[in-house]
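Spelled out from the first residue to the last, the chains are:
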Amino acid sequence: MKQVDIAIIGGGPAGLAAALEAKKTGAQSILIIERDRELGGILQQCIHNGFGLQWFGEELSGPEYAHRFIEQLADTGIEVMTDTMALQLNPDKTIIAAGYHTGWEEIHAKAVILAMGCRERTRGAINIPGARPAGVYTAGCAQRLVNMEGYMPGREIVILGSGDIGLIMARRMTWEGAKVKLVSEIMPYSSGLARNIAQCLDDNDIPLKFSHTVTQIHGRERVEGVTVAEVDAKLNPIPGTEEYIPCDTLLLSVGLIPENELTTMAGIQMDPVTSGAAVDQNRQTSVEGIFACGNVLHVHDLVDNVSAEAVIAGHAAAEYVRKTEHPAPRKVALKPENGVRYTVPQALNLAGELPEELDLYFRVRNAYKPAVLEITADGKVIRTVKKPIMTPGEMEKVKVKTADIAQAGEIALRIVEA
Amino acid sequence: MIEKDMVCIVCPVGCRLHVVKDGEQITVSGNTCKRGERYAVGEFTDPQRTVTSSVYVEGGHMPLASVRTEKTISKAKIPAVLEALKTVRPVAPVKVGDVVLPNAAGTGVNVIATREIRRK
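Chains as they are written, first to last, in my numbering: chain A, 12 to 429; chain B, 2 to 121.
Accuracy of the hints is not assured; some may be wrong.
What the hints assert, rightly or not - Pairs of lysine to aspartate or glutamate, EDC-like flavour, derived with a Cα cap of 20 Å:
(1) B:LYS87 / B:GLU59
(2) B:LYS96 / A:GLU253
(3) B:LYS76 / A:ASP213
(4) A:LYS342 / A:GLU367
(5) B:LYS78 / A:GLU235
(6) B:LYS121 / A:GLU235
(7) B:LYS5 / A:ASP214
(8) B:LYS87 / A:GLU187
(9) B:LYS121 / A:ASP94
(10) B:LYS78 / A:GLU187
(11) B:LYS121 / A:GLU160
(12) B:LYS87 / A:ASP213
(13) A:LYS190 / A:GLU235
(14) B:LYS121 / A:GLU49
(15) B:LYS76 / A:ASP214
(16) B:LYS96 / A:GLU82
(17) A:LYS190 / B:GLU59
(18) B:LYS72 / A:GLU70
Keep in mind that the hints were calculated from the coordinates and are not lab data. Since the structure is predicted, the reported quantities are computational estimates derived from the model, not experimental observations.
Let's have the full structure, built from the sequences with the hints guiding it.
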């Protein structure tokens, strides 16, 4: 049995930043549990640049961004268990983990930070008909094979989904000599960054078809081709629009799912929209002393935002451990209304000492151009924010003055149609 | 006279830019700020990109090290840099920032390692 102040599950960008901040805040014994052979998480396979513009003020590749955090771990005394899988999390903050080097381990923590990240949706999750030949990969799996393991998944590629990983892989496969024949996106817009459409697809003359999806995968042993069809407003394929595209590989970039098996095991209250835990402004979950941050909480578009969120959770976890008394929470729900898809935090805890301002993060449902956001407290508008544009692909942040909401029973965020 | 439409990627607004080059004169329209104009002129005269890739490492604890150009290079030079990288095989250990290919394809820009590879 092992006893620590703070156990962090996951050694990716969220876990790393949370650990360092917890240390800085004064936590004594901190443990990071990581299932991979090394720290850094998904950043290690994201070899493209564009990370760190906000956090470090310069443009880094994923591995470099991870390296800057991993370097800081030296001499902090933060313990790291790699090749170790957390198998069970209990509400009393005990963790059962199994490690390649350490075997079975029971860990007792005063506070736990959930930083498990997310995983990719697979073919099974989107039900594409056809046989089950080799050559169907998630984009992230292909990314790891090409960038870290040294294997090419195929030569003639169709990519379904225009999320950022799909776009990045379209360029990567092209640069490694493959032919990317099409990126097919079922929605009438891309969930990827405009920058990636310009620099990954346009630069390499890769066609992108909106409102198109793969309706069948052909081939028995190996993918021989896919059928692509246009979809209607309800996303159903339109008969007669089918087109056969010969290829040996289909990459799927069709969304990410926060990896919350441990979270639900601990009986933590979830947000069905984010598929992550419901948290307060300190990223504390419904179970006292368990915090969550990064992609396990909600899928982020920028790692810089993950680091920022992890700092909040790391700081709060250290404070939680330091304080012997915890005042009873006074939770006020943040309700996403008209046009706002979700907010993080999902509720504010207005008990105890509060900062002057609180940061609220949210995503909108559709593209609004221009966009007007209203924040209401008990139905009364306390803040109006105007922006030239808000899109579902970019997380938004807004500040509220604590004084404006301190007495409120319900707070709502909504988009006002122009 | 050459004309081109492009979407500005400097910020999320995504202005649709129309660029006209008449002799030495480049005119940008559709932008809503100065940064958009700078982006369009750059894209039209000499677009710059960072090239990232992975190269095989001799005797490393993992088969590949990720690499990138230290600075941006001309977009037109990307294929030459990728070709030159095919024969690059650094020997472990590799440290972040190690130059694995100096003056890549005559661009004057080095290709550096972006991750650490230990000896096997």
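Hint consistency between LYS121 (chain B) and GLU235 (chain A) [alpha-carbon to alpha-carbon, up to 20 Å]: violated, 39 Å
Below or equal to 20 Å on CA atoms is what counts here, so check LYS87 (chain B) against GLU59 (chain B). holds, 14 Å
Are the Cα positions of LYS121 (chain B) and ASP94 (chain A) separated by 20 Å at most? With a Cα-Cα distance of about 18 Å, the restraint between LYS121 (chain B) and ASP94 (chain A) holds, given a limit of 20 Å.
Do the alpha carbons of LYS72 (chain B) and GLU70 (chain A) lie within 20 Å of each other, as the hint requires? holds, 10 Å
Sort out whether ASP213 (chain A) lies within 20 Å of LYS87 (chain B), counting only the CA atoms. violated, 24 Å
Hey, LYS190 (chain A) versus GLU59 (chain B), does the alpha-carbon distance stay inside 20 Å? Measuring from Cα to Cα gives roughly 29 Å; hence the hint is violated.
Pair hint LYS78 (chain B) and GLU187 (chain A), alpha-carbon separation not exceeding 20 Å: Within the cut-off at roughly 15 Å; holds.
Is LYS121 (chain B) close enough to GLU160 (chain A), meaning Cα to Cα at most 20 Å? holds, 15 Å
Given the hint that LYS96 (chain B) pairs with GLU82 (chain A), test it: the Cα-Cα distance must not exceed 20 Å. holds, 12 Å
Could you grab the alpha-carbon distance between LYS87 (chain B) and GLU187 (chain A) and see if it respects the 20 Å cut-off? The hint holds at about 9 Å.
Hint check: LYS96 (chain B) vs GLU253 (chain A), CA-CA at most 20 Å. Holds or violated? violated, 50 Å
Take a quick look at whether LYS76 (chain B) and ASP213 (chain A) sit within 20 Å of each other, Cα to Cα. Given pair LYS76 (chain B), ASP213 (chain A) holds - Cα atoms ~12 Å apart, limit 20 Å.
The earlier numbered hints that this structure contradicts are 2, 5, 6, 12, 17.
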